[in-house]
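Chain residues, written in single-letter form:
Protein chains: 2
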Amino acid sequence: MKTLVIVSHPDVQGSNSQQFLKESLPVSEDITYHHLETTYPDENINRQAEQALLVAHDRIIFQFPLYWYSSPPLLKKWQDEVLTEGFAYGVGGQALVGKELGLVLTVGIAEQAYQAGGAEQFALSQLLIPYQAVANKVGMRFLAPFAIHQFQYMTEREQQALLIRYQQYMTLPDLSLSARVNWFIEQLEAEADSFEMDQVIDVIEDLQLEIDEMRLHLNYGGR
Amino acid sequence: MKTLVIVSHPDVQGSNSQQFLKESLPVSEDITYHHLETTYPDENINRQAEQALLVAHDRIIFQFPLYWYSSPPLLKKWQDEVLTEGFAYGVGGQALVGKELGLVLTVGIAEQAYQAGGAEQFALSQLLIPYQAVANKVGMRFLAPFAIHQFQYMTEREQQALLIRYQQYMTLPDLSLSARVNWFIEQLEAEADSFEMDQVIDVIEDLQLEIDEMRLHLNYGGR
Numbered sequence: 001m002k003t004l005v006i007v008s009h010p011d012v013q014g015s016n017s018q019q020f021l022k023e024s025l026p027v028s029e030d031i032t033y034h035h036l037e038t039t040y041p042d043e044n045i046n047r048q049a050e051q052a053l054l055v056a057h058d059r060i061i062f063q064f065p066l067y068w069y070s071s072p073p074l075l076k077k078w079q080d081e082v083l084t085e086g087f088a089y090g091v092g093g094q095a096l097v098g099k100e101l102g103l104v105l106t107v108g109i110a111e112q113a114y115q116a117g118g119a120e121q122f123a124l125s126q127l128l129i130p131y132q133a134v135a136n137k138v139g140m141r142f143l144a145p146f147a148i149h150q151f152q153y154m155t156e157r158e159q160q161a162l163l164i165r166y167q168q169y170m171t172l173p174d175l176s177l178s179a180r181v182n183w184f185i186e187q188l189e190a191e192a193d194s195f196e197m198d199q200v201i202d203v204i205e206d207l208q209l210e211i212d213e214m215r216l217h218l219n220y221g222g223r
Numbered sequence: 001m002k003t004l005v006i007v008s009h010p011d012v013q014g015s016n017s018q019q020f021l022k023e024s025l026p027v028s029e030d031i032t033y034h035h036l037e038t039t040y041p042d043e044n045i046n047r048q049a050e051q052a053l054l055v056a057h058d059r060i061i062f063q064f065p066l067y068w069y070s071s072p073p074l075l076k077k078w079q080d081e082v083l084t085e086g087f088a089y090g091v092g093g094q095a096l097v098g099k100e101l102g103l104v105l106t107v108g109i110a111e112q113a114y115q116a117g118g119a120e121q122f123a124l125s126q127l128l129i130p131y132q133a134v135a136n137k138v139g140m141r142f143l144a145p146f147a148i149h150q151f152q153y154m155t156e157r158e159q160q161a162l163l164i165r166y167q168q169y170m171t172l173p174d175l176s177l178s179a180r181v182n183w184f185i186e187q188l189e190a191e192a193d194s195f196e197m198d199q200v201i202d203v204i205e206d207l208q209l210e211i212d213e214m215r216l217h218l219n220y221g222g223r
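Each protein sequence line maps, in turn, to chains D and B. The first sequence begins at 1 in full-length UniProt numbering and counts up by one. The second sequence begins at 1 in full-length UniProt numbering and counts up by one.
Next comes chain D alone, as it looks inside the complex (with noise of 0.2 Å):
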């Protein structure tokens, strides 16, 4: 499975979190780092070059802040230009079909602000729709989003286990759960030297905590 990161941010340079996410992709030849600022410094987007690496990718990924519920400017303007009707939609417009939709945002807001009567009022499911749309629209399947809220108040710890689950984002084509299990034992298999305890722990904790929660589902499913 080959991986597009598509990353839109102005300063990506200035960003924490954006460095953090760069040094944080695996060195493969199946994920390409794509900025695009740094791509058309003066925005003339190369539609072409653009439609040539979605083809070449099965699993697309939009990374940026969010600001005002939305990306930058001018990953709206790849949008605009490079999804075009005869390639992304309409007649003769398939090449997008069964590829995969991801976006992984910065966010500056605490999670629990993003629900009815929080105080952004909407959920990230509902204020991300329009991007649900855009799969919708050319074919893809959407991933459940991945948002990073307020990474520059995260412990290392928690920076730590952020880690692993965007690398499995990035590269496993399973996404649930035990997927991400199995991913996780054979990574400590093969690097066991390179894990400290305290990041086992985390992730251990973290799914340990993803079971509680589906348990409390199941139980009010039940009810």
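Calculated directly from the structure, the hints in this document are not laboratory data. Hints are all accurate, no fakes.
Remember, identical chains collapse to one label, so a pair may be satisfied in a single copy or spanning two.
In silico lysine to aspartate or glutamate, EDC-like type, Cα no more than 20 Å apart, as pairs:
| id | residue 1 | residue 2 |
| --- | --- | --- |
| 1 | Lys137 | Glu120 |
| 2 | Lys2 | Glu100 |
| 3 | Lys22 | Glu158 |
| 4 | Lys137 | Glu111 |
| 5 | Lys99 | Glu120 |
| 6 | Lys2 | Asp174 |
| 7 | Lys99 | Asp174 |
Keeping the supplied structure of chain D fixed, place chain B upon it in accordance with the hints.
Relative to chain D, chain B alone:
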């Protein structure tokens, strides 16, 4: 009431619908037409001038073609650069509180596509949540969006009815049905000669339709 119409369209001269809307705007000191791509061909937005414009108006309209379920990139850039902390939100950021935010959208696809199970899968009310969230964040009242579907297929009579509804959206402090009826009666009395009977009939039919719909909802509600 002063209305600011912020238009974003990469080729406003070549757009029949945008030209129609521009010509439909009542000539009035209370209405400011502001096309971003004309004002800023180099995309260097003058934050201070834009913020002064916002302060000087009561109803702010974003008028744009719906591309990929959102605005053209320059309006997004405008949002990111003009709606700053300390002006629009955060400590001291009260400049927009109590104003209104409206959207005028030209949409290439028919209205019935925008629903669950329709070709676009999502309703405009869902796709436009990011704008509703902007209004929420800055303390503005979000007006029901004014969506113009498939302008190119409209008959002349439909265009005339559109013109009247558009003028109301721009000028009427109260957009309720009864306020719009009163507005229309006043227009008829003041400028009876400039209306043709066709237009009058269209508007009355329009109103009748709305009343019928309301009756329907009332009936459903009573079941």
